[in-house]
Amino acid sequence: SSSEEDQDKERAHFEGVLRAFDTYLVYSLAANSARRKSLYALPRSHRLLFSSLGPTLPGPLLESEGSANEEHSIIAGGRGFKARLDEIDDRIRRNADFLSQIVSDSKGFLGEAEELSKGEARTDSTAGATTQKTTVEADQNESSGSGSSGKDRRGTSGSKSTTSSSKEAGKEKPVSSHDVDKVRSTLKQFVRDWSEEGASEREAAYDPILEALEKRFAHIPSAQRAQIRVLVPGAGLGRLAFEIAWQGFSCQGNEFSFFMLLASHFILNKTISTNQHVLYPFIHSSSNWRTATDMLRAIKIPDINPTDLPSHIDFSMVAGEFVEVYSKEQERGAWHSIATCFFIDTARNFARYLEVINHVLPIDGVWVNIGPLLWHFEGATN
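Using the working numbering, the letters of the sequence shown correspond one by one to residues 17 to 398.
Hints are computed from structural coordinates only; laboratory data are not their basis. We put the CB at the ideal spot given by N, CA and C, even for glycine. Be a bit skeptical, because a hint or two may be false.
Said to hold, decoys possible - Across the chosen pairs, the derived CB separations fall in these ranges: (1) Arg364 with Leu65: 19 to 27 Å; (2) Gly349 with Lys231: 16 to 24 Å; (3) Lys344 with Asn321: 31 to 39 Å; (4) Leu58 with Arg364: 45 to 53 Å; (5) Thr397 with Arg241: 44 to 52 Å; (6) His328 with Ser201: 48 to 56 Å; (7) Ala367 with His328: 32 to 40 Å; (8) Trp305 with Tyr56: 20 to 28 Å; (9) Ser216 with Gly349: 45 to 53 Å; (10) Arg306 with Lys53: 23 to 31 Å; (11) Arg51 with Ser216: 26 to 34 Å; (12) Asp330 with Ser193: 36 to 44 Å; (13) Gln243 with Lys189: 43 to 51 Å.
As the list claims (entries may be wrong) - Straight-line alpha carbon distances no greater than 20 Å define the calculated PhoX-like cross-link-like pairs of lysine-lysine that follow: (14) Lys98 with Lys25; (15) Lys98 with Lys53; (16) Lys189 with Lys25.
When you get a sec, could you build the whole thing from the sequences and use the hints?
Okay, here's the thing in structure tokens:
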């Protein structure tokens, strides 16, 4: 049937996203190896010149007790361009260790292909809850810190494929470089949404929305604020939705991208402390950096523990395309407010977005918006 075909396509797409996370290691090491080949293609005198340029490079952050909250020591790396490539290889492996945790902790989604295809897969994050609830069943193992723990100088490089990529070769669609780029972009978005370094960007984009909601519902007593329901389409990694819930509102984030959904599920439901994970999101390009140290630097996430959210707050993430999920009759007037941050420029048909926004809001509902900035389908022929 058509429904079964849609479910099969949805499952295949989801498995492809998981393989993209798994393939990050191979693709990224290969890209760095191409730089190394370019170095060795230079005349010997030039190679010698580049081997001694620059200061001693920093090594990765090493976790003293397996937790990013513990004191870190930095083992110095070497000097020169070849040493920089070695340090990049090491950080790629550490990123891959972190990504493998995301894949491992997202296995429950695969058993919910039907819900995914209907846009009904739901992830809840509430106080003290580090496991995914409701329609998607997840394992109960708490996530440990990312990367190699202890005193290991180098990343493990042994991030095992945990998806169905172990199937017979030729039966799966190859992972594209475009999909691996989305994985790298996801690492950078962790910086914006869940690190101290991203605070200024969040203040510029999220604070006006939070202030508008605060002003609009200032007459609601704090004890009753959880009765106010706020919808956040295009929730990405979930920080804006989390901040709205942190203000005391009940909030639901909606996201279409499985890249974002996997990452947000992990950070919201599988994190037990601040600064638990260490990432190296800037190593994939040497452009626009003043120093190699800037490119190699570590970022710790999250800057706030999502499980500290009060238990009476209803906070959830829903998978699916905005129009498909929220144009249903049961969503009519179901939300007191809708908050969109650089979301409406993702529309193929902007008027349809407006219809659905009008549909979900009651007569006295409020839409708070920032953007658009980048129309995603500008110039598209379809």
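Structure-based check of each hint:
{"no.": "1", "hint": "Arg364 with Leu65: 19 to 27 Å", "result": "violated, 52 Å"}
{"no.": "2", "hint": "Gly349 with Lys231: 16 to 24 Å", "result": "holds, 22 Å"}
{"no.": "3", "hint": "Lys344 with Asn321: 31 to 39 Å", "result": "holds, 34 Å"}
{"no.": "4", "hint": "Leu58 with Arg364: 45 to 53 Å", "result": "holds, 47 Å"}
{"no.": "5", "hint": "Thr397 with Arg241: 44 to 52 Å", "result": "holds, 46 Å"}
{"no.": "6", "hint": "His328 with Ser201: 48 to 56 Å", "result": "violated, 35 Å"}
{"no.": "7", "hint": "Ala367 with His328: 32 to 40 Å", "result": "holds, 38 Å"}
{"no.": "8", "hint": "Trp305 with Tyr56: 20 to 28 Å", "result": "holds, 23 Å"}
{"no.": "9", "hint": "Ser216 with Gly349: 45 to 53 Å", "result": "violated, 37 Å"}
{"no.": "10", "hint": "Arg306 with Lys53: 23 to 31 Å", "result": "holds, 26 Å"}
{"no.": "11", "hint": "Arg51 with Ser216: 26 to 34 Å", "result": "holds, 31 Å"}
{"no.": "12", "hint": "Asp330 with Ser193: 36 to 44 Å", "result": "holds, 40 Å"}
{"no.": "13", "hint": "Gln243 with Lys189: 43 to 51 Å", "result": "holds, 46 Å"}
{"no.": "14", "hint": "Lys98 with Lys25", "result": "violated, 44 Å"}
{"no.": "15", "hint": "Lys98 with Lys53", "result": "holds, 11 Å"}
{"no.": "16", "hint": "Lys189 with Lys25", "result": "holds, 12 Å"}
The structure shown violates the earlier hints numbered 1, 6, 9 and 14.
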